[in-house]
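Peer 1: Listed below, chain by chain, are the residues.
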Amino acid sequence: MTLVFTPDQDQFRDSIQRFLKDKMPTTEVRRLMATQRGFDDDLWQQASQQLALTGIHISEDLGGAGFGAIELAIACEEMGRSLFCGPYFSSAVLSAYALMLAADQDQQEQWLPELASGDIRASLAITETATIWSAADIQTTANTSGDGQIRLTGSKHFVIDGQTADLLIVAAQSPSGVGLYLIESDAPGLSISPLNTMDPTRKMASLTMADVPAIELSRSPESLPSTLLSAACILLANEMVGGAQQLLQSSVEYTQLRYQFGRSIASFQAIKHRLADLLLDVELARSAAYQAAQTLADCGDLAQLSQAQQRQLTEHASLAKAAVSETYLKVALETIQLHGGIGFTWENDTHLWFKRAKASEVLFGTPAEHRERMLSAMTEAATKENAA
Amino acid sequence: MNENRIHTEVTQWLGQHWDPNMDLITWRSLVADSGWGAPSWPADYYGKGMSPQDAAMVEQAFAEYGAVGAAQSGVRMLAAVTLLAHGSHEQKQKYLRGILTGEDQWCQLFSEPGSGSDLAGATTRADLRGDEWIVNGQKVWNTSAHHAQYGLLLARTDWDAPKHQGLTYFIINMEQPGVEVRQLAQMNGHASFNEVFMTDAVVNRDDLVGVEGGGWQCAMTTLANERRSFDRARDVGGRKARKGKIFSDLEEEFAIANEPYTWYPQRAGRVDLIMPRAVETGAINDPATRQDIARLHIMAECAKWTGDRAKAAAKAGKPQGPEGSLGKLAASNVARLASRVHTAISGNDAMLTGPDSPMDGTIAEILVSTPAISIAGGTDEIQKNIIAERVLGLPKEPRFDDGPFRDVRRNTGPAADGTN
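These protein sequence lines are chains D and F, in that order.
Note that my numbering has the first sequence beginning at 1, numbered continuously upward.
Note that my numbering has the second sequence beginning at 389, numbered continuously upward.
Careful, some of the hints might be misleading.
Coverage of chain F stretches by chain D, computed from C-beta distances (three or more under 8 Å per stretch; other residues unrestricted) [unchecked claim]:
id : region
1  : 577–587
2  : 677–685
3  : 690–696
4  : 777–791
I should point out that these hints are in silico values taken from the structure, not numbers from a laboratory.
Please read these numbers as outputs of a predicted model, since none were measured by experiment.
The beta carbon of each residue, even a glycine, is placed where N, CA and C say it ideally should be.
Bound conformation, chain F alone (with noise of 0.2 Å):
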């Protein structure tokens, strides 16, 4: 399809059926069952099987008009994509709509307190019982557990299998009797996680993504995508002025769905904010602050343009090169420097905190956020293993956990096979 013919079928549509003053779900409704609010999804579900660049021009076509579209943050793309690739034709229709519609929300239950790195180390178990799998066990660093309806499971259905092969991906329905969801306060004061425990947590035999044993696949299609809905969820701008039923509607609901990741540009270190505090409090004529502040700049900027030459690579069509795989650590680094330059720019304020600190608390929440950095969404040390890996193509270090999984040393301390 052209651009243009896009564009004016989107807008003619448009056209008809828009209403501000609608309420949120009435409309995505009806744009989640038009395929407009996911057209590179298959055609048999709410979608109109474009290819992305095409999809692009229809989201833009919606921007263009002033129009809402499908609800798009949080983790339930991920949900989305996860289904897509690996769910059967009826967790397709049952489960999709309501993530394009904003009704439900989902949330991953992967990490465990005994497996983070190592996240193919779970001990959460589903055991069938009739056609109901039993779920036990605790997940941990859940984002918005606490408002989901709908949670992706990792859990070991076989400890004779292998580690990688004992596992299996459910839906779980997070409100039952079996799912406890607790908030997990950070040093920083926000709270974005949760910790859930399971016991006696039932998933109807339906809700089994992908096959037995495939869990490990289908969590990585999940991680691979992990990234994308973050960027999504804070494209929130602009939309905010605007009048109607559904833009208060949509205001309240960013409001939740960016509540867990209000602190996540503090946690970056801030280093738009460098130069204008320099001059503000005077360290700009202080020559070994200078220093710092140079330094920082300079690693900035290379982080960037690192970030897009992998960009103009990939547009051009070139083979990625290294520049491509190292966006995270960059921004470890950058956020850790920039932390010791802000602290170095506020000299006795970096004591303090809240509305004491400078900009309001922003200052102080930086210097408490930036080391969530290098631990979430992968640690800086299994960056490094993988950077090691797959991109110089270095040995692995030797394994210890191969072979039936009930006979592996397990990551919570001694003893405890899976029997138990």
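So that you can see chain D by itself, here it is in the shape it has in the complex (with noise of 0.2 Å):
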């Protein structure tokens, strides 16, 4: 497991953390989480072009920058950090991965140099009403007509940055079974209504389709939902790190600047034992996302797993889902809690991560359905070494 980072990638965090910092203060995140878009063009060409970070774990031949999953880690941590506005987890996360893992060559040659570029964004859409990704939740239809075009129909929830992505990757039904299918924006039965999230940095959308012309992704192996919900998960844990380190962080400030009493309320042991039960806990989250991003870096080609990669990278997500949501919504809360008054207005910014860790622990599955996730991967390997 990567238990250290190369100086390489401790620089590359530094870069990232420089312009996050620079680009991406509260007083910005605020102006764009009030906006329909949630971006700024301008920045998330700086971001793609010049970070190059939308392509950072795709193939060089493929227009990326060849790096892997490990760097996708350390880019989604940073933005979960300064809770980056952009359709980046959308596009550069959960699409790239979808099109590395269904799309055929020719497919992936068309798409993944633009997602790289930054120059089209994309999304994932799958959930239709349960919280963990399930073969039973997609009732999208997927028709094959007589002149041979593929038809969606159906609705779809919670696509993230729906609103302004120019593609859409979309789970469906086939006579087959369950495949991934490439729709476009502005394709014809195609109706996309912006959701009201209570994490305003976070945008949503869904989508009605009825007869949607599509192509399917061809390369469609039957581990495919569980990989990408694997790799969805490892990497939006990544993310929550970030956001979980920097509440600690504002706690740990807030609290020695706080007088009462006539003395720093960060001298109190209620206080202090409070923000140390914090930083086990985020330390712990930490460990367990970057074990997971390790894991899904150790497994090379995605779509070519064997049965004890599948079940390792299975066991790993979910912990890391499980793990790391409960300790971001608990130091959330305890960020507010420690903050006084103070904490519950809308002028201190710990509301925004809050309501970044608050939709982050649903996203994807609950807690819960990712204990069971990772219990039953487990157990289903005991029966098989026990049989073997």
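Two independent chains are provided; combine them into the complex using the hints.
Peer 2: Okay, here's the thing in structure tokens:
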């Protein structure tokens, strides 16, 4: 596992951190979250092209930087720390992984370079009603009409950045099972309605599709939904670690500045012990996120996983999702409490991270669902070993 | 020295001297005098002045040869480390050899009924009369004191100095009329510790370690090394199968040395038993218990990975991050949760103990041993203070124990200044 980052990785982190500190202060977060689009085109272009963040994990022959999951996780962590407003997670993380997993060579060559450069933005539409992705949740259908054109009908919810995506990757049922399909945002029969999200820094939309022309991503391995879910959880976990660290830091700073009864409240054991507990929680969560990122990086071609790799990826991804999302929410709630009344005001920045934490707790499945998913993967492994 | 040369030299020496039919003390005397027993110690004191890395190679060469090394278990290594750092030339000459040969057992006499977390509040007193220090007071939580020849004693010698500066560190002979050792029974049925009562016990003037009033610094050296010695104590496996008098002596020594620690794995919660027990009992099919098991697995894995991160960072030469200070607190949380999950898995059987309890009493031992882990070796509360102050940089609590110790409010209740 990556127990320590290489000097290059540390440097990469520093450069993103400097960029985000400069470009994404909370004043900017607040400005962008109040807009419908939710991001700034100039800044998106800088992040995509100057820092090459959108293609960090995409191979060089497909226009990316050729790094892997560790570097992507670093980028996500830093974006989580600053609450970066932009379609990075939906496009560079979710959609890029979906294409790498499910698209054939020609499709990858067609779409991944444009995703890597940030010139087009894509999003992934899987969820309909359930919190955790499952084949049973997918009622959207893909039908092939007489002219050979595939058409999608159904609706999707909680599509991250769906209102600004150029391209949508949609899960649908066909007679041969669940597959992923590409549709363009201006396709006939598609209507996109923005949702009012509690976390305004992560926009979401609903899609309604009536015979929308689509292209099938043809290399869809059977394990695709599970692998994609694992990758999504792992990068989200790393994003959450950044936010949790930022909250902890804000609590540590604020409690030292706040004086009551003639002393800094950070000198009371009642406060110190809670902060020590939070530090422990954050560091344990960080270990889970980093280990999961390493497991993802070690997998190589995600479309060709052995059963053992698949189980390990599932175990570590769900472990990280469950552990980090609970920690993130706990740190957020404690940070509000440690700020006292001011922590409940709109003016104080804590609620920005609290809302991200709250939404991230449920996104891609609740902690309880992921504990069950992790344990199932583990017991399945144990049963197989016993049988062998 | 390079790796091969060390290996060759050690192997040659063992080839000339090793004989498993020797008795253990005779063999270890040879080892101690050769310098191979403690190669990282100075050449003047039974060592070879090697780096810790080179010394580890020596240890490995011993292990590969199947030969027994110097005695290392128990409190003796804490005594050695402290004496090497603070002891006089005469003390090192007199005591270090008996530590390595295993002839002498040591115990630590630090904690008192009135000073646990607040160790510097010790009130056991030592008064100089002629060439002897006369010691009066009570110590507690003294592992192996009932086997020990020598004790590492922290006692107050100056009641007018501030708390931390009035303490002095001594070597006390445990085998004398003024020292009474009583085993202390624990709630889990074991008796790993003792109480030690000292009534006009005598310490020779030459057995003051470091300087008068410098006891706190010496005690810090001892405590900083405490964890390592426990790790050593458990390093028993693999040697048992071997034949020869040395090995039967060794087994006997380990049995005595490890007796206080047999319940330590249970104290840590035995996470390794959770899955087998869940499968055996069918609890693995209960959705609520599955959630608990998963929570525990997550916490234990995260704690392990966090420790791994700290080790890897140290190895890569990076400055220690927060991950290095959290292990003990994490271990407490894991043990507490493991105990709860074991209870859930065992159901009614959690009410039983001894042979009636699952796994011949092991489960019961877990349930009644885990409360110790968040107390021993620094309570969770003290750990949290340390983390808050040293890692997070938070301010200290206001204190009320500065100025001459004579005037400091005592932990044992009201009144009683040091003079009576």
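Peer 1: Take the hints in turn and mark each one as holding or not.
Peer 2: Quick rundown of the hints versus the structure:
no. : hint    : verdict
1   : 577–587 : violated (count 0)
2   : 677–685 : holds (count 6)
3   : 690–696 : holds (count 5)
4   : 777–791 : holds (count 9)
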